[in-house]
Amino acid sequence: MAETSTDGRSTTEALALVPKAAAKQSMKDFKSDQEVRWCPGCGDYAILAAVQGFMPELGLARENIVFVSGIGCSSRFPYYLNTYGMHSIHGRAPAIATGLASSRRDLSVWVVTGDGDALSIGGNHLIHALRRNVNLKILLFNNRIYGLTKGQYSPTSEVGKITKSTPMGSLDAPFNPVSLALGAEASFVARTVDSDRKHLTEVLRQAAAHPGTALIEIYQNCNIFNDGAFDVLKDRERAEEAVIRLEHGQPIRFGVDNARGVVRNTRTGDLEVVTVTPDNEADILVHDAHAATPTTAFALSRLADPDTLQGTPIGVFRSVERPVYDSQMTDQLDAATERHGKGDLAALLAGGDTWTVVG
Amino acid sequence: MTSQVSSPAEQADGAVVTEQRKPAGTKDVQRLNRVIIRFAGDSGDGMQLTGDRFTSETASFGNDLSTLPNFPAEIRAPAGTLPGVSSFQLHFADHDILTPGDAPNVLVAMNPAALKANLGDVPRGAEIIVNTDEFTKRAMQKVGYAASPLEDGSLDGYNVHPVPLTTLTVEALKEFGLSRKEAERSKNMFALGLLSWMYHRPTEGTEAFLKSKFARKPEIAEANIAAYRAGWNFGETTEDFAVSYEVAPATKAFPVGTYRNISGNLALAYGLIAASRQADLPLFLGSYPITPASDILHELSKHKNFGVRTFQAEDEIAGIGAALGAAFGGSLAVTTTSGPGVALKSETIGLAVSMELPLIVVDIQRGGPSTGLPTKTEQADLLQAMYGRNGEAPVPVVAPRTPADCFEAAMEAARIALTYRTPVFLLSDGYLANGSEPWRIPDLEELPDLRVRFAQGPNHTLDDGTEVFWPFKRDPRTLARPWAIPGTPGLEHRIGGIEKQDGTGNISYDPANHDFMVRTRQAKIDGIDVPDIEVDDPDGARTLVLGWGSTYGPITAAVRRLRTDGESIAQAHLRHLNPFPANLGTVLRRYGRVVVPEMNLGQLTTLVRAEYLVDARPYTQVNGMPFKAEQLATALKEAIDG
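Read top to bottom, the protein sequences are chains C and A. So the first sequence is numbered by my numbering: it starts at 27 and just counts up by one. So the second sequence is numbered by my numbering: it starts at 2 and just counts up by one.
Isolated chain C (complex conformation) (with noise of 0.2 Å):
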């Protein structure tokens, strides 16, 4: 019996091949032994306690789930749960859990990454991994900041920031990790918060029951070197009018009273905020995470005020169904068994012109 999600669709096809757990699991399960060393305060606690916490719902047998990382403050996340892992290096999360997952299809593949891993250094990787649909889930931990070498800027860094290796700002205009992700061709791509416990669970529940590759875009405060970086996202006041919640089917609205909402320019065809009145009510978009084309999906990702993050949607931006690279490949090594017979090496070794020497 299939598993649904919350939008009704079947999570048969991500997970089927997956084992499941013997025994109901609880969140210590998945705790390793290991002493977690993030600074005091950093938002990685609260992604590792979500997931940790989300984990057993999937119900899954531990052993097959398989948590792959580069390098960078969040890529220690493997050795804080108590599944198999791999702390690879810096950018190549993405290559290896490639490799892994499409010629294992029986684990569940999670790749963590951050900023500077995924889109610096590792940019090549992510974006061909999101175009290609392997089954992996991708959990990009973006704090505008590098974290491990102390402190410099980041590609998502706002323009202008001053770091140590800035000391007149930076030059470079930021990457959009969910607009870049649409461009790549995801077919799963999401942002949520650190501190939103129950958004960041659902956003994962719905990954996890994606059948290719998501990409979930991560907000997560580095109090060290960039404190406070989304508190207009955290700040329960300032975030009613900063965060617009994404909901599959759900008029796109957002604010105190839900007075704000989004509309699409009938001259530009691209997307903007308007008060909501009686007159515009029921020009307010109808968020389809399923739509056919990324093209509104992008619009929204642009909404955000790159360096205020007013108007910065959160939830799932696109969800659809596409091949998935994993599974055509198997079904390429099935089609060619039955085309020619399960190999045999005599036969192949022996195959072209031959002669026989007889002495």
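Misleading hints may appear alongside valid ones.
Residues from chain A that face chain C, not an exhaustive set, calculated with beta carbons under 8 Å [unchecked claim]:
(1) S61
(2) G63
(3) F255
(4) G258
(5) T259
(6) Y260
(7) A275
(8) G287
(9) K305
(10) N306
(11) A314
(12) A319
(13) P487
(14) T489
(15) H494
Here are the computed lysine to any residue pairs in the SDA-like style, where the Cα-Cα straight-line distance is at most 20 Å [to be verified]:
(16) C:K368 / A:R278
(17) C:K54 / A:G491
(18) A:K303 / C:Q354
(19) A:K143 / A:R77
(20) A:K303 / C:D370
(21) A:K143 / A:G81
It is worth saying that the hints were derived from the structure and are not from the lab. Even glycine gets a Cβ: it sits at the ideal position worked out from N, Cα and C.
Once you have looked at the hints, place chain A on chain C.
Below, chain A without anything else, positioned relative to chain C:
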């Protein structure tokens, strides 16, 4: 197609050959014991295909053979220019041979550029077949011929056969309704037909090949076959070719068995598939296309019914990354590349060293540095394979010596990787990759057992009696750590590139532990079980020639020449470059002089001098081509004479 070769007479009767064409017997036939032919033309003239076909005919006839394809990196270099010349040299004989030959006995030059680019290698007295149609004023000017070399006496002393190949081909195909341009394309088959007549090659293999290659365009297949036959008939009828030649099968050179012709890259791909079967592990290749390694990716991608997964990655780093991920999951994992790709993969190789997972890194060496000479051969990645990583990161290195030997070398690399849980370098090169030779097809029973045991349960008991799994508790004999793949209950563990505590595998920055782990990883590689090096020294020589990799053929040919001339020289050839065979130091110290021919500036020499404090001397060449036997013989003679 299978033919039986037991004696020349039996071969000639065509018992299994139904439509064998044979020279009509009106002309003189001379017996030769070996021939070197070089086909040369524009890179669009199909010279590689022509050479491949002549090779297949020769292989199925039962000669020993060795080939040297030589082509530019450009797919279609500017037509008619010297850099655009593509050639294929084939050496075949009635006895066992080791190299594609130094100097051609026959040059087929399809245009002036091909003649000019190759004439320097052709000794006086050799036969030169030229396509006169292409010797137009403009074509000759393009390569700097002020006057026609066919008329100005510059080919005096050669046995020149001027043949209007293009005209004859077009004429032969006039019934086919092809455009002139289409008909001209078959001129390589006309040339092949002519050479096949000259050397009594079996023809039905090529005709079957053409039918199969152009199965979807039967009229093109028929046209090519017609051109091929026209070339044969031309040889038979024209007075210009008064003599044809027989080279008897090399019956005595080969042990009993079934043979096929095989190139290095094909043998290497088959070796990997065989290793996968012998290890009972699925094969996973992560790779990014690069010359001259891409053919291994192409070949393996054809064999999905063997459970082979091929992943064409976004870059070299992802290619090895995916392979390493698959290795963690329990696959026999491989990445294939050439020198520039190795540079990009270095960090991941270091990770594999640190995590101690099995991984085969295939480097088909080419001319370097940087992009270098993509289609030419070199052996200059040895030190990169040995040392090209940060930290103390020892990696075993295995090298094949001939094209066919790539099969066994691949399995040996797999054995070491699987037994010792380590990345292994398999160092082939462009010459081995594209060159070919006869290969005795092994019985599957001869192949080594490569099966491994994955960890299944706890391997350590704590002081309090608790049974636990320690991912870095080693096998005391091999020093290999357990291979515990995801999906195994109770063995959940984390590995990575940070230094690990001995045994537990937990992160450790402890100085003494790091010192211990560095030394242990080195000791594991140093302790790999490799066979002793064998020395061929029939008469107690004072001089030893030591080689590795593809120089085996030229070195052995040179050694034979010297011994035939009464010289005394010993020969040894390394398969294992890291670790060296245990007896290597003893062997080297036994000789007053040690000469190391290498297609680099002396990298193996550097290693053996450093390791054994012996006065080994390099003899080097880095021109993108393999050594010639004669040249090596001269160099070795100088070494002997001191």
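Status of the hints after comparison with the structure:
1. For A:S61, the shortest C-beta to C-beta distance to chain C is roughly 5 Å, which falls under 8 Å, so the interface hint holds.
2. Evaluation of the A:G63 hint against chain C yields a held restraint, the C-beta minimum of about 5 Å falling below 8 Å.
3. Taking 8 Å as the C-beta cut-off, the interface hint given for A:F255 holds, the closest approach to chain C being about 5 Å.
4. With 8 Å as the threshold, the beta carbon of A:G258 comes within range of chain C, its nearest partner Cβ sitting at about 6 Å, so the hint holds.
5. About 5 Å separates the beta-carbon of A:T259 from the nearest beta-carbon of chain C, less than 8 Å, and the hint is met.
6. At about 5 Å, the closest approach between the beta carbon of A:Y260 and any beta carbon in chain C falls short of 8 Å, and the interface hint on this residue holds.
7. Interface hint status for A:A275: upheld, as the beta-carbon distance to the closest one in chain C is roughly 6 Å, under 8 Å.
8. Annotation: A:G287 was flagged as interfacial toward chain C, and the flag holds, the nearest CB pair being 6 Å apart, inside 8 Å.
9. Interface hint status for A:K305: upheld, as the beta-carbon distance to the closest one in chain C is roughly 4 Å, under 8 Å.
10. Given the 8 Å rule on beta carbons, the hint for A:N306 holds: about 4 Å separates it from the nearest Cβ of chain C.
11. Taking 8 Å as the C-beta cut-off, the interface hint given for A:A314 holds, the closest approach to chain C being about 7 Å.
12. A distance limit of 8 Å between C-beta atoms decides the matter here; for A:A319 the minimum to chain C is near 4 Å, and the interface restraint holds.
13. Given hint, A:P487 at the interface with chain C, holds; its Cβ is 4 Å from that chain's nearest Cβ, closer than 8 Å.
14. A hinted interface residue such as A:T489 counts as satisfied when its beta carbon comes closer than 8 Å to some beta carbon of chain C; here the least separation is about 6 Å, so the hint holds.
15. Taking 8 Å as the C-beta contact cut-off toward chain C, the hint placing A:H494 at the interface holds, the least distance being around 7 Å.
16. Taking the CA atoms of C:K368 and A:R278, the gap is near 12 Å; set against the 20 Å cutoff, the hint holds.
17. Distance restraint check for C:K54 and A:G491: the Cα-Cα separation of roughly 15 Å lies within the 20 Å cut-off, and the hinted pair is therefore satisfied.
18. Of the supplied pair hints, the one linking A:K303 and C:Q354 holds, its CA atoms being roughly 16 Å apart against a limit of 20 Å.
19. Between the alpha carbons of A:K143 and A:R77 the distance comes to roughly 17 Å, so the proposed pair stays at or under 20 Å and holds.
20. Taking the CA atoms of A:K303 and C:D370, the gap is near 13 Å; set against the 20 Å cutoff, the hint holds.
21. Using a Cα cut-off of 20 Å, the hinted pair A:K143 and A:G81 holds, with the two alpha carbons roughly 7 Å apart.
Figure legend: structure checked against the earlier numbered hints; every hint is met.
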